[in-house]
Amino acid sequence: MAEKTYNITCIVCPLSCEMRLMVKDGKIESIKGNRCRRGIDYARQEFYNPQRVLTTTVKLKGDRLPLLPVRTNKPIPRRMLKECVRYLSKIEVKAPVRLGEVIVSNILNSGANVISTKEVGSTGVYRKT
Amino acid sequence: MRKIKADVAIIGAGPAGLAAALSAEREGAGEVLVLDRGEELGGILPQCIHNGFGLHRFKEDLTGPEYAQRFIDEVKTKRKIDVKLKTIVLEINQNKEVLATNSEEGIFKIRANSLVLAMGCREKTREMLHIPGSRPAGIFTAGLAQQWVNLEGYLPGREVVILGSGDVGLIMARRLTLEGAEVKAVVEIMPYPGGLTRNVVQCLQDFDIPLLLEHTVTFIHGKDRLEAVSVAKVNSKKEPIPGTEKIIPCDTLLLSVGLIPENELSSLAGIEIDPSTGGPVVDERMQTSVEGIFACGNVVQINDLVDYVSQQGEVAGKNAALYALGKLEQPKRVINLKKGRNIRSLVPQIISAQGKVSFFIRVKNPEQKVELVLGESIFQQKNPIVKPNQMITWEVPFEDLRLNDDVKELEVSIRKL
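Protein chains in written order, with numbering that gives the first Met the number 0: chain A, 0 to 128; chain B, 0 to 416.
Any given hint could turn out to be false.
Pairwise CB distance ranges, derived in the manner of DEER restraints [what the hints assert, rightly or not]:
1) A:40 x B:101: 30 to 40 Å
2) B:406 x A:5: 52 to 62 Å
3) B:72 x A:40: 35 to 45 Å
4) B:55 x A:36: 21 to 31 Å
5) B:76 x A:36: 20 to 30 Å
Simulated from the structure, these hints should not be mistaken for laboratory data.
Backbone N, C-alpha and C fix where the C-beta goes; we use that ideal spot for every residue, glycine too.
Sequences are here, hints too, so could you generate the full structure?
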């Protein structure tokens, strides 16, 4: 099988090592360019299973603004980001919404819940209690 | 005209102003009044829906609205903190008088014992860059696009080029891609990106968006709506190299080319501005050149992280409260800090050298294996790497130090190891 190389920029610390991965049959053969052990762990994670927290918005009714900011409560596979945004574009919620309220549970079987990142509606506007 | 009294008046209800208000209240200020022209608390944070906030302060990875909510929730429980939203401050002066207006109360004056300036910053515009070409619709600052996409639900365009690789531009490249637009390129005149590496990786590389370093936009095409931009490579003097120009068709150009502290009000009060930060000269208590007027956050200097903004807000709020209560001792000595080798900007610019001082430093050029040096090796801090796009924080324990009384100036510099 042919070997392929991948470039990965480490983001663990400000040094931002540019690492080169030699990959054969979908397996990492070697990692070069890292200055420390943490780079290797990061490169492995990024190559085999890159994960990201998704942040986006869903439609909101009954508030000053038409959108509610949301995020996944844990990282999801990077390849699912666009799919999840497409799914969420059809979701509409009504104010009031509490911060942390679950908007979609286990989105597309990723194991992550999509939660509200804002208080809106009756409690969203500044008002002295 | 109606007159209001306050112990501490704070201009701006973003992260700097909210932290200052809470800190002033904790320090025992009688009435704390926060003024903001926006419709909600939090300043720019409500539109920063991405994560990465609070990693230093809360050891958690929060989004902008979540970070803001922690402060908003606390402000709401404080009886002594009053907030006026949709209120514009027109003038301030050296006597700590604030002239403000809103549609409910008309024009009114606030007499405060101390002031905290927390007005934040503005984005640079096309006009400041002098890009040649026509003047079609479709050219926006990245922050405006962020407001439309994240708060108001509008997509600014379908085919996008982003000029400048500041963090807001990088974040918007990802955001627009997820919302269905095509980001054709991010164009950066410098040989390195303006934003954090994490954002270059997670906002550009994740979506295969090209980053054109040492390139700039040289011409804007289109009559009513933007149709294309010309992009060229630049030489070491940042001049476009003839023959390298190419045309990228697009309907939208976003500008993420820098932020400017918003100091029109500060200038009205005669506050001294540091040309290297664009914000007020401050001492370690965040007091400006006018006694009793304090400043914090992006109005002082552009910060990379909101965590630093909150930290400065707390210092400013605490000292503003102490001043208002007549408890703030004026410093026994004043030492001016000089910018030495490879230092672009430095906050605070003046210190009394008592207790711990937190410095916020930006370098001119990237360098590896260096140390920060204060004075002639009074304090050092080793750094494996320094970059212009990464603010350095440095806490210096002056209490451990005996300085001669005749020291009036100290230099901060970067030394190659």
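Practice prompt. Check each numbered hint against the structure and report the violated ones by number, ascending.
Written response: Violated hints (numbers, rising): 1, 5; every other hint is consistent with the structure.
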